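Asker: If you read the protein sequences in the order shown, they are chains A and B. Heads up: the first sequence at position 474 corresponds to 454 in our numbering, and the numbers run straight through without jumps. Heads up: the second sequence at position 132 corresponds to 145 in our numbering, and the numbers run straight through without jumps.
These aren't lab readings, by the way, just hints derived from the structure by calculation. Only a predicted model underlies this, so the values are computations on that prediction, with no experimental measurement involved. What you were told as hints is all true, and nothing was included just to trick you.
What the simulated footprint calls covered on chain A by chain B, stretch by stretch (three residues with Cβ under 8 Å from a Cβ of chain B suffice, anywhere in the stretch; the number is not a length):
#1 0 to 12
#2 22 to 29
#3 75 to 86
#4 94 to 107
#5 210 to 220
#6 228 to 241
The C-beta atom is built at its ideal place from N, Cα and C for all residues, glycine as well.
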Amino acid sequence: MLKSIIAKEIRANILSFRFLASFALLFVIVTVTSLVLTGDYLRRQDEYSQRQADLGVYLKNYAHFNRIGNILQPAQPPIPFQTLVRGLTAEVNLEQFNDDPLPVIFPLIDLTFIVTILVSLMALILSYDAVSGEKEDGTLKLMLANGMSRSHIILGKFAGGLLTLLVPFLLSVAAGMLIILLHPRVTWSGADWGALGLILLGAALYIAVFYLIGILISSVHRSSSSSIMTSLFVWVLLVLVVPNLSPYVASFLSPTPSRIKVAREVGRLYDTDRDDLGRKLAAESRREVLRQYPVLEERLTEDEVKKRVAEDPEYRTAYEAARAANQKAWDEANRIQGAKGKVLEDDLRQKEEAQTGLARSISMASPMADFTYLATELSSTGMQNMLHVGRLAGVWNRVFYSEYQPRKIADLKAKDPTADVWNTAIDMTDSPRFRYTEEGLGGRMGAAWGAFAVLAVYIVALFAAAYMAFIRYDVR
Amino acid sequence: MTWTIARKEILSNLLSYKFFIVLLLMVLLVATSLFIMHRDFRQRMDDYQVVRPKPGDPIALVAPNPMSIFAKGLDDAMTRSFEVRAIGIDVRAGQSSGNIIYSYFPAPDFLYVVRVVLSLVALLFGFDQVSREREQGTLKLVLGSSVSRAKVLAGKWIGNFLSLAVPFLLVTLLASALLMFDSNVQFSAGQLGRLAFILVLSLFYLGFFLSLGILVSTLTKRAATSVVVLLFAWSLLVFIIPNLGTLLARQFVSVPSVRALTEKRQQTWTREILLSLKDRDWEKHVRTISSENDQLEQDYRLKFERLVRLSQNINRISPAASFLDASSEIAGTGIGEESRLKQEVVRYKDSIIDKIIAARRDGDGQYPAFTYAPRSLPEIFAGGALFDTAWLIFFNILSFALAYVAFIRYDVR
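Extracted from the complex, chain B is given alone in its bound form (with noise of 0.2 Å):
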């Protein structure tokens, strides 16, 4: 029964003016921001392959991700070029640093699509599953010929589940194999591992935001005031508490802005440079700054990670930022991995701050190349994307079991 119910409702779907419109925004989307973020990602490997350091150079510099393509992530920052350099570390950012449009929006990739827009679309497939019925009078038929009410709820949230996440399958895995036609774009096996556990995450994400369509429908009479309370439900969760959480955990934890920490960096080796023309010692004062450096990035790092945590924390309470953070980790370009990044920037400074020191002595220096590793699926999930994965399942059987439980109390007069 609940097969036929699914099944009916794929057929009204099909049919229906809201589907074209989905289906529509659903293709147009992925696909432009799919190619949109590859020439993105194209443009910058051009870059990476100029800028590449000669061996020897003591430079930090680590490959654009293909991954970004699919969520843009932190990648921008993660793929500046570091130099080490006596008196501290040199960073030079790529283009879109010069192009100040790019500041005002975030970036169009598919995570966006799929947390912004599809969520959208998710809410609309639900929206009117309980109320339209009994406006029509086809519920009280249904229902009258004895088939359980759970049975009915099943049917309709596979249903509409098919007919949202099949279009959405077929277009993400057609633009995806689009991409693997260009060769300057190599996903190894393990991110095509990293891309389907996105678009996993993706799957949970949407069908959240249909068993909240279908509970609203429940809880109001009405398809007009059910539409009005699922916008609003839906711009709460995907735009407000996310962005206002991360201010208010500002509050609570103070960290130095950047604006700060450049200041600081600066005075520091301008009085170290002074104090070593004094005193002849400059070998000295060159690890004082080093040291001083890395004292004031650990204790930066400290408050940083704090400030993450919380943000994280408060921010969980919408399932849109779960699964922000648990798919942008996976696919390599979140906030856990860049801050790594950095430490490792730190330590590869440390590691050959002593040769620099000397080639002031013996002229040019060679130093090894720098080399990072990205964290591996176990880790990254350890870090913290499965207990965002594991919350967001919550979230949907969550959702799903209230509109059962509302359903079931549900007067179909």
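In isolation and in its complexed conformation, chain A is listed as follows (with noise of 0.2 Å):
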């Protein structure tokens, strides 16, 4: 019995007229899509291969060590899951010169973004009668008084539907995969089909939810014309309201300290705060010297000293003991400043985390969110692949700084011993360079699963919503 119902729905879908506009839509927007952003995705290939020739230049003639913590810094490049999702890739600098503001007026347009918005709007186009369409033609009195029991009614709707509208969406994807994939530059990888897929299964779950809300909300409704209202409604809370609203909700709730501000802050307490305690410990220190080494009393310029220095054996250790005792003055100075700065810093860093991670709370609510969040996680183009850069980077900084710069250092004093090394030309070529390589599958799994589970949730939920409203509705 609840073949012949799905395939009924089906049926009656197939021939419906949204439902061919739904698809000629999608097909043309999925792969207009891909294609542009396939074009781009290979513009920035192109750009990043660009960049690697200039940073070998550089490297070559000019990497200097006291500055290349400003040359060498982990970049990521473009990865192929581009072509489909776009996530936090976007160019929205806020902290260069040059920041890009076009996606700010205008968001770019990929996958996420086609599923979210288009697809969720045709799934309740096909489902905001399902009910109500039934009962205003009068089928639904039939249906029933045939012996059909309404759970099978209501299963087989939800069934029927969401095969209709889930063959054209694939076969949308498949076109625009078949686009980006055509290109030879393009390479997929295993991986990344396992992330494709993962992303297809919760876009499955994304349209289901869709179309239960409006199965739901048709069976509550007497006549399909105020459906359709309350339909879009929720829709326009679910998908355009509620993610937008809540990084400022969450900002009410869990405020940060401002990021200019606490910049300033550090800033003057490694800079002159630093230099006052660095003088003030500096001259203790140096009292404490003068009253062990009497000889440091008398004052003589600079070749003077360096003149005793060489001759006079005592005074040549009290005025290395004075450096040290100078040295050490200094060192203190900057760890007790850098220790205030860090306790800023690190107040800083959890406050915001803590905003951030009460946003994407909120946010979740909304399973246009929650889909958001895990096409982005899945493709490494969201949060979990900036602390997975964050890491390697790590992986990278340990390697540079701890064992080729001691080395390179090492092999330049063995050729020329006063040569200053921090800020002498070195062919750095030969460098570890930062190597992005995309986190396992697993890892974006685990930070995709609870997306996943809010829409599972959800799912259940609005079934069971619905069939209780389905039970109770009056054919009449």
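Make the complex out of the two chains shown on their own, each in a separate frame, by following the hints.
Answerer: Quick look at the structure:
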């Protein structure tokens, strides 16, 4: 019985105008988007290799250890998945002078966008009259009179409707993938296929949520025209309002100290305050040293000091003790101020993390945000990937600064003992470079499962609610 | 006669479930959005008060724009602090860069509510205007009593427009009036004028979607078909065309990425400082850094402006993009204003770079303060907002004229 209801739903849908319009629109937009995004990806790839070449030239001629930290920074190359999902890779970088403001005004379009906005709208369009429409046509009475159980009807409607929407969606994505993969420069790995499969599974769940919302609303309303109004109202709130409000709400509930202010404060701690403290500590330790070595009391010019250090061993010990004490005082000042600055920075980081977490939790009330998170995490364009890049950067930092740098400095000193090791240009083309590798699928799934779970809970709850509403539905 | 029909439309709207939902949505969203953006503005204002440069600091920082409560636009980017240093401009961003969730979803400001949600609402007012009356048989009766079709259509448009515009204006004006009570948010007379202009643009924008709704409802036989067509048209106009258009423009104008520019700047200054250690001519090398950065910036700006122009022209297929561009420029938070501010910052840097270089020799320097005067309305209009406004009006007239033609040919049976 269930089978025939599903078959009827599918047949009724396939012949309908709304289905054909959805299919055509989806197909065109997915293919155009993949075409444009593939072009964009290739452009970014070209730019990345150009940047690497520029970096090579610099490393050969001008690299020096004092400022190498400004030059060698972990940069993530474009990944093939960006032809489908852009996530956080759009270049809105407020910390740089040339931020790119266009994506702030018009967000980029990608598969996530198509699914969250367009496909969810299609799901509602197909389902808003699932029950109320049948009632208006009078077919609901006939079905129930023929001894069909209500649970079969609602299950059949859900399964049939979901299938009719999933097939054109998958076909469109397949066409998009074909366009992407036909390009010889795009290489799609096994993990990518796995991630794509999981994203499509997530999309299916997301579509199911909205299909069920449509069924639920239509079995609460008597007429289809009021059902579409309520459906759109709910859709607007879930898709267009809740996610957008979430970071703002979170920023009131869990405020963070001002970033600019903290940066200034830390700058002051490291700079003028450190100098003041350093001078104070150095003066104190100098008094101590003078008490121990009264020879130093004598005022001498720089050249006289040099001469005396060379000639008088006693003076030399005193001089060296004074230098060591001075160095110790400044190290102490650096340590104290560094610790103070670190407290501020840690506090800022903690509070920002708390706010981000809260914003994320609030937004996860919306299935739209859930799908966005799961798609970006699985395609390594989300928050988890940023952490992952941070970890890789840590590894690379260790290799560069604790292995490569001491070795190079030792080489240089062996050649020329008086050389200024920090400010001499050294050929660093052989230095270890930051290599980006995507996180394994397991780790990505670890970041995405929460979103899957919320969607699953939504489906169960909505199905139960729709079932309850339909059981109580007056078919007259 | 037109007025009778308009009155009838308003009355029937007042009683409908649709009107109730729409009113709820409108009040809820406009009020929430203004409340949230107001809190956001105050927070940024507090920040600004704290980090305001002391007299003599070489820092360019502009205060948050109160119009950003309505049109957030690029205000976050414009209120960053730009500190001029010998080796380049040091940029520090505010809070929102710390919470990554901000970059997932666009800001829910007033413009967003109008552009995305209220346009949908306007469509819902129009989608069944003709087809429902035909289905109910009342269209025959109205036309049978020898009222001209033009009058029927005009009456319908006016009635529905008023039932949409009056609550919209009431809610917006009420919420804006509440904003005025906060002494931290001070609108100048000019800004109030700009706000009024944005409201007028919003009405044009909503009028277009209402006409589009009526047009489609005359072209389709059933209300159910009309709603499907309209929802797809809406998602195309509001989301897909503007967002795809920007991406498409990038295919034709190659603009270096932020990352590439940053890397170039870093390479330039570290190289020059290294060279200066060798030949002991710090001044010459710092000047090279400044001029190379300017060159880079100028080159980038030329390309970026071409990209913006192209993407704006592509996006103008959709009135939503015209509306957004014109309103955010009028509010003073648009792309044009932002790039002008950055240009001014570069000019400021060039004007004090000599002093900064001298300060290394003579100790602490005192620098003239950075002042920035936002563009005036005539400049904004000349810069494209006038065209966008005219374009929006053209869309209005076009969609109404098409609806009229379609209605004339409509088979009422």
